Every structure is written in C-alpha cells, then in structure tokens.
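Asks: The hints should help you fit chain B onto chain A, whose structure is shown.
Those sequence lines, one after another, are chains A and B.
Residue 340 in the numbering used here sits at position 355 of the first sequence; the count goes up by one each step and never skips.
Position in the second sequence (first residue = 1) + 8 = the numbering used here.
Hint data in this document are derived by calculation from the structure and do not stem from the laboratory.
What you are looking at is a predicted structure, and each value in this text was computed from that prediction instead of being measured.
Computed cross-link-like contacts, SDA-like style, restricted to lysine to any residue with a CA-CA straight-line distance of at most 20 Å: (1) K65(A) / G143(B); (2) K4(A) / N123(B); (3) K153(B) / P273(A); (4) K101(B) / T119(B); (5) K256(A) / Q158(A); (6) K65(A) / G79(B); (7) K85(B) / E68(B); (8) K50(B) / D189(A); (9) K50(B) / P314(A); (10) K101(B) / E20(A); (11) K101(B) / I19(A); (12) K65(A) / D31(B); (13) K256(A) / R142(A); (14) K153(B) / I38(A); (15) K50(B) / P21(B); (16) K101(B) / V321(A); (17) K125(B) / P(-6)(A); (18) K153(B) / Q39(A); (19) K85(B) / A38(B); (20) K125(B) / D18(A); (21) K101(B) / D189(A); (22) K125(B) / E20(A); (23) K50(B) / E188(A); (24) K65(A) / Q27(B); (25) K153(B) / G143(B); (26) K125(B) / P(-9)(A).
Okay, the calculated bits of chain B under chain A, using three or more residues with CB under 8 Å as the criterion: (27) 44 to 56; (28) 118 to 132.
For each residue, glycine too, the CB sits at the ideal point set by N, CA and C.
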Amino acid sequence: MPYRIPIGPFHPALEEPYKLTVACKGEIVQRLDIEVGFALRSIELLAQQRNYIQGIVLVEHVCGICSNVHAMTFAMAAEKIAGIQIPDRAQYVRTIMAELERLHSHLLWAGIGSLDIGYQTMFMEIYHLRERVMDVLEAISGNRVMYGMMCIGGVCRDITDPENILAGVREIQRGLEKDVIPVFTNDATVRARTAGIGVLSREDALTYGVVGPTARASGLAIDIRQDFPYAAYQDLGFKIVSLPDGDIQARIVVRALEMLESVRLIEQALKELPNTPIRIDDPMPVIPPGEATARVEAPRGEVFYYLKSDGSDIPGRVKIRTPSFVNIPAIEAISVGQYLADMPLIQASIDPCCSCTDR
Amino acid sequence: MSHELQNQLQQLPGAGPVQNRLDGIWMDAADLNVLALAVLMKNIEARLTTISAISIENNETELIYHFAVGGQAINVKTRTKANVIPSITTVYKAANWSERENHDLFGVDFTGHPNLKRLLRPPQLAEGFFRQLGGAAGKTLRGEKNAV
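Pulled out of the complex, with its shape left as it was, chain A reads as follows:
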C-alpha cells in the first residue's frame, strides 16, 4: 500500500514555498503532485496599473535572485515596440550585469546544492566566493540585489572603473578554478550523491519544454544567448555548454562550466567597453501602440515577456513566463522510481524559484 508524504510548502532545501506530495512504496517514489501559488503577488496585473518607469521597478521584484533580468526583458520588449536602438555601451553594461547575476545565482545554487549533498565545507567556501560577486555588483550598481540598473533606452549607471571590476572578477575566477569546478566535476562525495540520479531524458526535456541548464544537461542545446542573441552576446562570441547525461551530476557540471564562460564574457566585455553614452537622450520615451515579445537567458533559463501597448503611459498587458514555471513540472518526470531520501536534492537540482513561478 503506497503512503503519501507532504514535502513543503515550507521546504527542506529552499526557503521558498511550494508543495510536493510524494506517494511512495517502501522507499521508492511512485507518484508526485506539485502545488504552487503560495507566493502569488499578481505582478502581471499590477504592471497594468503602473506606468513604464514604475513598471521596471515592479518587474524587478518578480524574483529576488534574477531581478535584473526581468527589468532588462521588460525594457527590451518596450524598446522593440518603440523601435528604440540602445547605445552600444548600454548593450555591454547589460551583458556584464546579466552575467554577474548568473554567477551570483549559480553560486547560490552551488552552495545550497552542497548543503543538500551534505558537504558543509563546500557550502562555506562557495558562499564566501559568492560574497565577492555581490561586492562587484554593489560596486557597479550600489546594491547587492535589485540593482536598479535598467531603464527603457539603456542603463541608469555607467561602469566608470572597469579595471577595478576586472580585478574583482579575476578573484572570482581563481576561486572557481581552484575550488568549485574541481569539486563539482571530480569529487567522489558529489558524484556518489548525484551521478545517475534524477535523470531527465532528452524526450522528456522536449515534452515538458524545460529551459536553461536543466535542458542543456539533457542534451538540448538551447540557450537564448545563442538562439536569439541580444545585448552584446553576438559581438562577444558566446559558447554554449551542453551535456547528454540528464542526471543531477550533469546539471551541476553544466552550471559550473557556465560560470567560467560567464567570467570570460565579463572580462571581454569590460576590456572592449565601447565609448558611447549609456542611454538614449529621451528619459521618458513614449511607447506607441503595438505588441512585442522579448526573450532573455536568465540563470535558470529563458525568461519570456509579452508586452502590449495602447500608446498610453501604462501597458495594456504584461505577460511574464519565468524559467521555473516550465522547469518545476519536470520534477515529476525525474522523481518517479527514485529513493525518497534523494528527493530534497532531486527537486533542488532544477534550481526551482517559487517567487518567479507564482509572480
């Protein structure tokens, strides 16, 4: 007789609310129900009651980890409708911010993942390194999270001291190469807890429509930075990281190697920062009637915005599809047949973000 165990809404792995109800036979998971909605703030609806400038601040609060990416995607959609071409330096600053945010998010996951694996020392090391990323972000924007860097038509603040930022990024690179990458790719403890566990097949990845590192670890080479290049990715020559195995180990390795690519992109962008203004002259551009979609590769995968304007200062409709919204349902596919004791790590391995999912 299968028995049912509720996991959540308050979670063993992440301090965010969503509920898994696991039906088990013995120690083996047979079925899984997922419930979300515990952090619904109706941001899409609120965005239809605020003007575009207020909207940027609002959508930055969709997620506490990948906040910048939401403001950027919203601005990109508005710029597309208005036919605004932002200056080259703004494209580079946007890329640098996006990649720093990816480093901060992947390191956050790596820390929590280490805790789930039972590797406390690694958690300490990684969170120490993550602090360096936060310092760099603070040096650029003045904020540790919710950077307030994006505006329609460019960015709000310039990077005035690229050499100093570059030194900070190189320190992060040394930490990644010395500790994080070797442990996540070769360590026996990590492999024992992750190899062959929570496998998502390529077929399931396609049917569930998963995105980001979860898709790339299942052999799907999809990345918005490659498929729909935006900001300065085309100039900088982005290289995709993809593995065929589909297990937790593959998801960990994809994230780890992506961090090195992020460091390379940031370094190159800092060295090649174009000498142009950081935003267009008009501080409050009128968004004419029209509609547009915008896609950006957030740390967890594709963020999608649909924006409709009626020509007034308030959007007619703002639709937000976050990566966790499509990744979380796939937990069902990777959990069935696995040990109950592996559930905290299995569900954490897709890096679910509930405030994103619920909006």
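Replies: For chain B alone, kept in the frame of chain A given last:
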C-alpha cells in the same frame, strides 16, 4: 525554413494572415484549429514557450501560443468561443500549467484538459481575477488622470 514554415502555418484549418516581424512569425487566426497547430509544432520539434491570455470584449479571451524552434519564434493569436477552446495538453505536456493558469486567472475553459484544476489561486476564490483592463481604459475606469 521561415518561408516553408509560413506556408505550413497558412495551410492549417482556420489559418489567418501571417506576418514576419522582429520577434518572429506572427499569425492572427480567430477561428484556428489549435490542435492542428499543436501537432504541426510538435512535428517540427518546436518548444512551447507559453500561452499569453488577454481579456477582450464580450467576456472572451485572446490567446497567443508562443513557440520556438532553434532561432525561430512563432506566435499564433486566436480567440476563445464563449471563453472555451480545446486543450493542447494531450499533444504538449508543457501546455498543462499554462492552460491551468489561464483557466485560473482568465476563466478560460480548456476542453479535454486531463486535470483543469486551479494553478495559483485558492479554489474558494472566483476565477478570472486578471480580467481587468490595462492601459488608458483601465486608468479611466479607476478614475485616474491620463498623463499622455
């Protein structure tokens, strides 16, 4: 590929005019057979990004099915009839949560969905909470001054 895809879209039952825009192919087809669209997209290994819903007059909903295959985006716009439309979850598992979300927030009834439960809001509350006007019309309704 874009040209071939546009031809295939135009041959769907109930197809409408197709446009090539900055953000991909767009088709506006109020009477589209969405299941035929889903089968076509599945055959070309397209990924369902999401389904956007917009509240329109007469308690109907405009739905936009967003797909992506490689570097090609496809956006197909259609309309509900009496706020009802066939579900494509049987073809695309990825549509499951999108349809449940639009059922919850816009009250759309997706016929044939295997489990059309509310996704985000508690079942005690009424469906269609997001059926509120945005833009200038919403401002007028709320009694706010139009700045532009």
